[in-house]
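This is what each chain is made of:
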Amino acid sequence: DTGVSQDPRHKITKRGQNVTFRCDPISEHNRLYWYRQTLGQGPEFLTYFQNEAQLEKSRLLSDRFSAERPKGSFSTLEIQRTEQGDSAMYLCASSLAGQKNTEAFFGQGTRLTVV
Amino acid sequence: GEDVEQSLFLSVREGDSSVINCTYTDSSSTYLYWYKQEPGAGLQLLTYIFSNMDMKQDQRLTVLLNKKDKHLSLRIADTQTGDSAIYFCAESISFKTIFGAGTRLFVKA
Chain A
32 DTGVSQDPRH KITKRGQNVT FRCDPISEHN RLYWYRQTLG QGPEFLTYFQ
82 NEAQLEKSRL LSDRFSAERP KGSFSTLEIQ RTEQGDSAMY LCASSLAGQK
132 NTEAFFGQGT RLTVV
Chain B
1041 GEDVEQSLFL SVREGDSSVI NCTYTDSSST YLYWYKQEPG AGLQLLTYIF
1091 SNMDMKQDQR LTVLLNKKDK HLSLRIADTQ TGDSAIYFCA ESISFKTIFG
1141 AGTRLFVKA
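If you're matching them up, the sequences are chains A and B in order.
This note's numbering numbers the first residue of the first sequence as 32 and each following residue consecutively.
This note's numbering numbers the first residue of the second sequence as 1041 and each following residue consecutively.
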């Protein structure tokens, strides 16, 4: 397995446009997380899924943000009507939880720049 | 509340030891982590310690945990220029991981 992969690696968009990012977790991992990292800060939790169920959303996740994990495998994060403040690195992570637990493995992130 | 604090910068000479310190607030943490992030790269898990341990050693890395003071440290022995990066302290609380702002380590040759 090649680890957690995210696509695209970089995205530049105009303010007001919609963007969608994709995350492919490690194949047997049932948990998937989205984090946001702004310059000079550590990652901040946005949301997580257990299989296809979205179990928790941070207050950071405004109603312009929506995340899905329709089949319990890959996930998408969509930002509607982007604002300059949305510029950040969006990190995806996955882990296994249950009888055997693993730590979270992070992807390389999608860097979003809103101009 | 959930908060992780760490100093922003550390500069050491090549071959010296580096010690990066971190304090956290939530005593219910189960695991505490140290992640490394190099420019343009994702987060790499360096090491972790379970909350009922005091110390963990892994090659050049030593993690010390003082649960009473909620203080975590990472010591890197024989620091190399390749160790230059940002180091994040993090605690796991239930399903999520809370990160500090990161300590930027500069290694001078």
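Do not take every clue at face value.
In the BS3-like style, the derived pairs of lysine-lysine whose C-alpha atoms are separated by at most 30 Å in a straight line are [what the hints assert, rightly or not]: (1) 1148/B - 88/A; (2) 42/A - 1096/B; (3) 1110/B - 1076/B; (4) 42/A - 1110/B; (5) 88/A - 1136/B; (6) 1096/B - 88/A; (7) 1148/B - 131/A.
Hint data in this document are derived by calculation from the structure and do not stem from the laboratory.
Small disclaimer: the values here were computed from a predicted structure and weren't measured.
Results of checking the hints against the structure:
| no. | hint | verdict |
| --- | --- | --- |
| 1 | 1148/B - 88/A | violated (42 Å) |
| 2 | 42/A - 1096/B | violated (40 Å) |
| 3 | 1110/B - 1076/B | holds (21 Å) |
| 4 | 42/A - 1110/B | violated (39 Å) |
| 5 | 88/A - 1136/B | holds (11 Å) |
| 6 | 1096/B - 88/A | violated (33 Å) |
| 7 | 1148/B - 131/A | violated (42 Å) |
Violation of the numbered hints given earlier is confined to hints 1, 2, 4, 6, 7; the remaining hints are satisfied by the structure.
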